[in-house]
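Engineer: Next come the chains, spelled out residue by residue.
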Amino acid sequence: MTDDLLATGDRIALRFPARGDLIVLARLVTSAVSARAGFDIEELEDLRLAVGELCLLTLQGSDARTGDLCLELTVLGDALGAECILERAAPADVVGPENAESARLSEQILGALVDEHGRESQNGSVRAWLRKRPAGHAE
Amino acid sequence: MDQEFHIEERASTSPPVIAVCGEIDVATAPQLRECLHRVIAHGEATVVLDLLGVTFLDSTALGVLVGALKRCRELGGDLHVVVADPRIVKIFEITGLTNVFTIADSLQAAGAS
Chain A
1 MTDDLLATGD
11 RIALRFPARG
21 DLIVLARLVT
31 SAVSARAGFD
41 IEELEDLRLA
51 VGELCLLTLQ
61 GSDARTGDLC
71 LELTVLGDAL
81 GAECILERAA
91 PADVVGPENA
101 ESARLSEQIL
111 GALVDEHGRE
121 SQNGSVRAWL
131 RKRPAGHAE
Chain B
1 MDQEFHIEER
11 ASTSPPVIAV
21 CGEIDVATAP
31 QLRECLHRVI
41 AHGEATVVLD
51 LLGVTFLDST
61 ALGVLVGALK
71 RCRELGGDLH
81 VVVADPRIVK
91 IFEITGLTNV
101 FTIADSLQAA
111 GAS
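Order-wise, the sequence lines are chains A and B.
For what it's worth, this note's numbering labels the leading residue of the first sequence as 1, then goes sequentially.
For what it's worth, this note's numbering labels the leading residue of the second sequence as 1, then goes sequentially.
Bear in mind the hints are in silico, worked out from the structure with no lab data behind them.
Just so you know, these numbers come straight off a predicted model, no measurement behind them.
All residues carry an ideal CB built from backbone N, CA and C; glycine is no exception.
Some hints could be false.
If you want the footprint, here are the derived chain A segments under chain B, 3+ residues with CB under 8 angstroms [as the list claims (entries may be wrong)]:
id, segment
1, 47 to 57
2, 100 to 107
3, 129 to 136
Pair by pair, the computed Cβ-Cβ distance ranges are [to be verified]:
id, chain 1, residue 1, chain 2, residue 2, range
4, B, Glu9, A, Asp4, 23 to 31 angstroms
5, A, Glu120, B, Ile7, 16 to 24 angstroms
6, A, Leu28, B, Gly76, 40 to 48 angstroms
7, A, Gly9, B, Gly111, 36 to 44 angstroms
8, B, Ala84, A, Gly81, 32 to 40 angstroms
A short, non-exhaustive set of chain B residues, derived as facing chain A with CB atoms under 8 angstroms [stated by the list, open to error]:
id, residue
9, Gly22
10, Asp25
11, Asn99
Take the sequences, apply the hints, and build the full model.
Structural biologist: Structure follows, in C-alpha cells:
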C-alpha cells in the first residue's frame, strides 16, 4: 500500500467539458488521489465533496457550454491542493435564486471541510482553489 | 460502486413520501426538483423526503431542498427529511440546515404512515 502513495510535488490533472454532469469525474479522481496522498476515509469523503463544490463554484455564474474545466490536484508537503480553472467563461444569461443559494451553500461546505479556499475571476477566466491538510497536520 | 440514482413517489401514504437513492448532485438534482414541485403543486403542503438510500449530495441538491421547503411552508406545510447516514447528516450540519429542516432518522419518526 505504501508503494501506492504519491510523493510531494506529484500532480494529477483532469480536463473535461464544463458540464455539471461530468463533475462526477472530478470527484472520482479526487477520491483516488486523496487515498494515495495519505488521507483517511473520512477526509477522503470530505475532499470528494469539497472538490465537487470547487467545480460548481468555478462554473457558478458562467455560461460554460463551450469551455473546458481544468482540475489539477497537487500533493504538497503537508496538504493536498486542488485548483479548478474555467477559461473563456462567458457570463450566464440568468442566475436564479436557487443558484445563488447553492453558491452560498458551496462556500459554507468549503469553509467547513478544507483549510483554505478561494475564487477569483479575471479576463474571462475563473479560478477556484483549495488546500486541505490531513489530520495531525492542522495548524 | 455507488447505487444508481432513482426516485420513487409513494403518494398513497400520508403525508406523501418521496424516496431517493444514489447520488443527488448537479446532474440529478433537477429530477428531484421536478418531482418535488409536481407533488407540492398537486396540493400536498407537507412532504416526507426519504434520503435513507442517498450516498452523496452536494450544494445543488441542498438548494433544491431549500426551495421545496419554502414552497411547503408557503402552503402551511413542511418538508420532513429522513436521513441516517452520518456522511449525509454531516452535510446538513455544516451548512446549518439541521436548524432549518425537520430531520428524522426514520420514516416512522418523520410521521410517514
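Engineer: Now look at each hint and say whether the structure bears it out.
Structural biologist: Now for the hints, and whether the structure bears them out:
Counting residues of the segment 47 to 57 of chain A whose beta carbon lies closer than 8 angstroms to any beta carbon of chain B gives 5, which reaches the threshold of three, so the coverage claim holds. Taking a C-beta to C-beta cut-off of 8 angstroms, the segment 100 to 107 of chain A contributes 5 residues in contact with chain B, enough for the three needed, and the coverage statement holds. Note: the segment 129 to 136 of chain A has 0 residues with beta-carbon separation from chain B under 8 angstroms; the three-residue rule is not met and the coverage is violated. Under the hint 23 to 31 angstroms, the C-beta atoms of B/Glu9 and A/Asp4, about 44 angstroms apart, miss the expected range.
A hinted range of 16 to 24 angstroms for the beta carbons of A/Glu120 and B/Ile7 is inconsistent with their spacing of about 37 angstroms. Checked against the hint of 40 to 48 angstroms, the pair A/Leu28 and B/Gly76 passes, with Cβ atoms roughly 43 angstroms apart. The beta-carbon spacing between A/Gly9 and B/Gly111, approximately 55 angstroms, falls outside the hinted interval of 36 to 44 angstroms. The beta-carbon spacing between B/Ala84 and A/Gly81, approximately 34 angstroms, falls within the hinted interval of 32 to 40 angstroms.
The interface hint given for B/Gly22 is broken, as the beta carbon of that residue sits about 11 angstroms from the closest beta carbon of chain A, more than 8 angstroms. The beta carbon of B/Asp25 is positioned within 8 angstroms of a beta carbon in chain A (closest approach about 7 angstroms), and the interface hint is therefore held. Interface hint at B/Asn99: violated, since its Cβ lies 13 angstroms from the closest Cβ of chain A, which is beyond the 8 angstroms cut-off.
Consistency note: the structure conflicts with the earlier hints numbered 3, 4, 5, 7, 9, 11.
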